[in-house]
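Fit chains B and C to the supplied structure of chain A, relying on the hints for placement.
Taken in order, these protein sequences are the chains called A, B and C. Per our numbering, residue 1 is the first one in the first sequence, and the count goes up by one each step. Per our numbering, residue 526 is the first one in the second sequence, and the count goes up by one each step. Per our numbering, residue 904 is the first one in the third sequence, and the count goes up by one each step.
Everything hinted at is true.
What follows is a set of in silico ranges between Cβ atoms, one per label pair, in the way DEER data are often shown:
1. A:Leu249 - C:Gly1086: 53 to 59 Å
2. B:Pro828 - C:Asp985: 18 to 24 Å
3. B:Pro814 - A:Lys149: 38 to 44 Å
4. A:Leu249 - C:His1094: 55 to 61 Å
5. B:Pro686 - A:Gly141: 30 to 36 Å
6. A:Lys201 - B:Ala527: 22 to 28 Å
7. B:Pro814 - C:Gly1086: 46 to 52 Å
8. A:Gly141 - B:Gly668: 35 to 41 Å
9. B:Pro686 - C:Ser958: 55 to 61 Å
10. B:Gln580 - A:Gly141: 53 to 59 Å
11. C:Arg987 - B:Pro805: 43 to 49 Å
Below, in silico cross-link-like pairs of lysine-lysine (DSS-like), each with a Cα-Cα straight-line distance of 25 Å or less:
12. A:Lys261 - B:Lys549
13. B:Lys857 - C:Lys988
14. B:Lys571 - C:Lys988
15. B:Lys571 - C:Lys1092
16. B:Lys698 - B:Lys803
17. C:Lys914 - C:Lys931
18. B:Lys883 - A:Lys261
19. A:Lys261 - B:Lys877
If you are wondering where the hints come from, they were derived from the structure by calculation, not from laboratory data. The beta carbon of each residue, even a glycine, is placed where N, CA and C say it ideally should be.
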Amino acid sequence: MASSDWLDIVGWTESMTSWSMDNVHDLMPSEDIDLQVTIPSTWAWPDPFTIGPIFNLQDGFASIQPALEAFMHAMIMSTVVFGMMMTTMLAIPYIERKFIGRLMDRLGATTTLRSLWVGESGVTGGEWWNKLPFGVGGPIGWVIGALNKTWGNSHELETISRVNNRSYHGYWFLLPGFFQAFADFFKFATKEHIVPRDADKVVFEVAPVIILSTTIMVFAFVPFGPHIYAANPDLSLLFMMAIFGVAPLGVFFAGWASNNKYTLIGGMRSAAQLTAYEIPLLITVLGVAVLSGSFNIIEIVDFQIGREEGNVWNIFMMPLGALLFLITMIAEVERIPFDMPEAEAELVEGWWTEYGGIRWGLMFAAEYMRSYAACILFALFFLGGWEAPFQHTLADLPWVGGMVEFGLSLIPGVGWILLKAWGLFAVFVWIRASLHRVRTDQILEFGWRYLLPLSLLHLVLAIAIRLLFWDGGPWNILLPIAITAISGGIFVILAIDEDKDALEIQRRPYSTQAVVKASPGSHNA
Amino acid sequence: MAEMWISMGPQHPMTHGLWTLKVKVDGETVVDTEPDLGYIHRGVEKICEARDFTQITTYCDRLCYASANTWSHSYIYAAADLLEVEVPERAEYIRLIAIEIQRIASHLMWLGAYGPDIGNLSIMVWCLREREMMMDLLQELGGSRMHYNFPRIGGVKRDLPYGFAQRARAKLKLFLNRIQEYEALYDESTIFLVRSQGVGYAKPEEMVNHGVSGPNLRAAGVNYDVRWAHPYSVYSELDWSAPVERSSIKGADCYDRYRVRVEEMRVSASMALQALDKIPGGADTHYEPEDPMILAKAPSRAPEGTSGAHHFEDSRGESMFYIAGGGEGRGKQPYRVSIRSPIFITIPFAAKCMIGYKVADIPAIMGSFDPCIGETDR
Amino acid sequence: MGKIVSASVQKDAAEAIVTSISEVAGIKAEVVERSSGTHTRNVVVVNSSPTSWRSLAEKLYSDHAVDYCSMITGIHWPEGDDDRKWEVVYHLLRTGVRDPPSEDGVVQPIIVNPSTVRGFGTPVEIEVHVHLTDSRTPSIDSVQDIWVGADWNEKETWDLVGIDFDGHDGMRRVLLPHETPRGYHPLQKQHNLRYHGFEEMYDDAQGFMRKPDDVGKIK
Chain A
1 MASSDWLDIV GWTESMTSWS MDNVHDLMPS EDIDLQVTIP STWAWPDPFT IGPIFNLQDG
61 FASIQPALEA FMHAMIMSTV VFGMMMTTML AIPYIERKFI GRLMDRLGAT TTLRSLWVGE
121 SGVTGGEWWN KLPFGVGGPI GWVIGALNKT WGNSHELETI SRVNNRSYHG YWFLLPGFFQ
181 AFADFFKFAT KEHIVPRDAD KVVFEVAPVI ILSTTIMVFA FVPFGPHIYA ANPDLSLLFM
241 MAIFGVAPLG VFFAGWASNN KYTLIGGMRS AAQLTAYEIP LLITVLGVAV LSGSFNIIEI
301 VDFQIGREEG NVWNIFMMPL GALLFLITMI AEVERIPFDM PEAEAELVEG WWTEYGGIRW
361 GLMFAAEYMR SYAACILFAL FFLGGWEAPF QHTLADLPWV GGMVEFGLSL IPGVGWILLK
421 AWGLFAVFVW IRASLHRVRT DQILEFGWRY LLPLSLLHLV LAIAIRLLFW DGGPWNILLP
481 IAITAISGGI FVILAIDEDK DALEIQRRPY STQAVVKASP GSHNA
Chain B
526 MAEMWISMGP QHPMTHGLWT LKVKVDGETV VDTEPDLGYI HRGVEKICEA RDFTQITTYC
586 DRLCYASANT WSHSYIYAAA DLLEVEVPER AEYIRLIAIE IQRIASHLMW LGAYGPDIGN
646 LSIMVWCLRE REMMMDLLQE LGGSRMHYNF PRIGGVKRDL PYGFAQRARA KLKLFLNRIQ
706 EYEALYDEST IFLVRSQGVG YAKPEEMVNH GVSGPNLRAA GVNYDVRWAH PYSVYSELDW
766 SAPVERSSIK GADCYDRYRV RVEEMRVSAS MALQALDKIP GGADTHYEPE DPMILAKAPS
826 RAPEGTSGAH HFEDSRGESM FYIAGGGEGR GKQPYRVSIR SPIFITIPFA AKCMIGYKVA
886 DIPAIMGSFD PCIGETDR
Chain C
904 MGKIVSASVQ KDAAEAIVTS ISEVAGIKAE VVERSSGTHT RNVVVVNSSP TSWRSLAEKL
964 YSDHAVDYCS MITGIHWPEG DDDRKWEVVY HLLRTGVRDP PSEDGVVQPI IVNPSTVRGF
1024 GTPVEIEVHV HLTDSRTPSI DSVQDIWVGA DWNEKETWDL VGIDFDGHDG MRRVLLPHET
1084 PRGYHPLQKQ HNLRYHGFEE MYDDAQGFMR KPDDVGKIK
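In isolation and in its complexed conformation, chain A is listed as follows:
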């Protein structure tokens, strides 16, 4: 049973297009229009003969109507999906900025909110609440006092972290950085288009087109909900992975065409890295398709959420695959720790150094679009797509199940996908803020020597599980529990089991000279 919710945009569009085309059909005149011409006989031919068509507009329209309907449907769905993608993508740079800011201990706009109650030297923003009319400030003052007790400044932090105590700047605190993305985009759009003098003009212009168009085309096959997709061929997974892999070609073109040694190095690094990580990615995705029994993304999701199908999210059936997908996707979208091709410290933006203005802006947007696509794909392949967590379990609860099911059905599936994708993007940002950049040859070594065998192992496991344990119905609940427990156990063992001596030698710690190291407790007062 294919999953479904009330937000049936594909259905509505189909019915609307067929309704509108039917109306056009009915409006067409239904009489035959006789366009035949009879040529009288001349010395060349003795008998008169008739040529020409009998034109029936309505029938003619009826013959092209399916194509027109499909075209109109595709146009509308593409626009809807593209619009939905761009609108929801606004959250992505927002998450990145705010979360990285918080991880780097720059509180940012949350500081502005916090500054409403936090004080400096005991005074809060001029005690702004007392200025409100009619004395409504009193209760506000109590609330502020309470907030200061729980989330205020301790005396020590006050002097030390005062850089984080921004002041109340008026009502702008309501819009903390929301319009930054628009401002950035307008800035890019208004900048000059500079082409390096000896650059290969054709390839220089073609490269951003390739990158951007293939990235956007990926979203044609990505379903945002059970009935929100632009195209849904039977092999949508293969199509999408193929198109996802064309962008590296554009990257290489860009690096080479700019007539710049830096970009050339960046382009080569990128080509090597992306090629190296395409293969584990494809094998991982193949494992997912094998386990779910289909190359169609919607069917993969249905397999995870359907009561009569798998009924278990794939992340619990193949945690190794999920981890591999995460790592290879981070390498594919060239984020830290794998962003050597654009490594700022050596190559100052790498393969896109020479691009400015809207070309750079759109390629930058394309990188975020690819990250977004990676997050949505992870949500679709492993996190059950548009299903709420524990949806069937909650719906089966004895007393409240019906209400829960009704409540959950009010939320369209697209909401769950977006939440999962955004949450996963926060994980991407977290990784970016904490890890260092891996060197190119180390990236390649990691990809070929570690990820490739692991992805093959994942494929073998997927095949084995599917063949041995799948009987046409839902997975036995013990199976995902066992798999998750075993994988978690292996992970924990690898994480905590360290050869202490080897670690000491590797880390070569610390001052061999200071017998009493300077530490917080070793001085009095």
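Just chains B and C, lined up with the frame of chain A:
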């Protein structure tokens, strides 16, 4: 791919200053390097020939702007040698506190800049957050956040402000806790270990012959430090020892140079705390400026034929001033001021260290030597 | 308490060097006591003739373990005696640093206890003054092959002061731009600090007609 020369700089995020590093690469491997300095040569040595001795201190702050106090003190010790001035002990303690806190701030700046070189963006903001604490302390002492003009020939400009000792102790203790955060982000990250170990080897005897000293040298398993080798100030009164790293057989790599500086920050913090405890007159008394406890009278002329020189342990190595007296104004101005910058000598050595490694190792190696171009170009 | 090298040990080491190198012809060496405010330092101050500089350098390096060239300063004395128009001051150090040994593949760091250094491990400061006769192109032997640290110091000295170094491989401009005209060495005294005696302020926004701080002081 054929060999080609790439020019890293002068505008480049890696270079920590304005200079060019021309690198000859064969694919991704560095085959040859050639550093190119002098972009911010401001002619400080020539300018100082037309300034009084007290006016030169401000120029010396601006030599290495990230570590301003160490440079102005380096000059002051040489000027004291030239003019033969006795400095009161309390002034020496105050100078030591200023120098060590400045050393912490300079290393924090380096640590914060080293992270983005290798790819970690968060550490920059964290280190600058702590550096703000140190800059607050130095602002209380010197009056401004970056170029303090703090020492005077014969002492210091002014005494520790009221409450300085309490604030300094609180901030230094907090800082000692926070160092563990940085170590977590660096030492516990396999990626950092993989990027910085085994890269940029340098052996101590070779380094000494090349003129490299300071933390770069101590990363290689020898504890040479100008503070005990050619003693000055009151380091003999404090309980400290220069941090040394046990390097690998091939020499010190980037990881060792990073660890040595982290340990140096700890040692500097403990030295500053000890100095606050031991300062003669107590850390909570405040003497007015020009009180003989903190400033001795100094002659202002140095006749021709005299000269002064002093070796000093700067944040980046051994710095030195040589001043020849007898300039204009019957000796009110120096005849020649010559400045030895440790990084001026370290950069060619670091450029040699890079040969044989990958292009991606260039920022790791160069960053680990802690270049500061202000002092290089003077 | 913090251990430092004691002044008397340094004095003995300095005097040992002085006695040894005084045997070289053309060398006048002595131990000078300098002050650092709180400590006295004993510095070996050497006056060498240009011809004996090279042999002195080799002797210091091979016999006295002077392994560190700190700075090379060039000074132009246009008003000095004829044979003292140019001066090169070398600051050298003996650091006492050796490569740490390794056992079983693990390096054993050498932790010197400063209060117990003796003999060839004692850090010593050496200052060598060499006076050159007047010439348009003064030159002195290069010590680039003895101490590599002298390499860029010599380049800088030639670049700024104009004293050439015989035998220096790869002499080039290092602080001034590469295409600076030949013969332009700004730290020579004939170059004025203020270009053509220009004694106005470049940026007199409000027209106060103030003079620069060093007006009248620059010759």
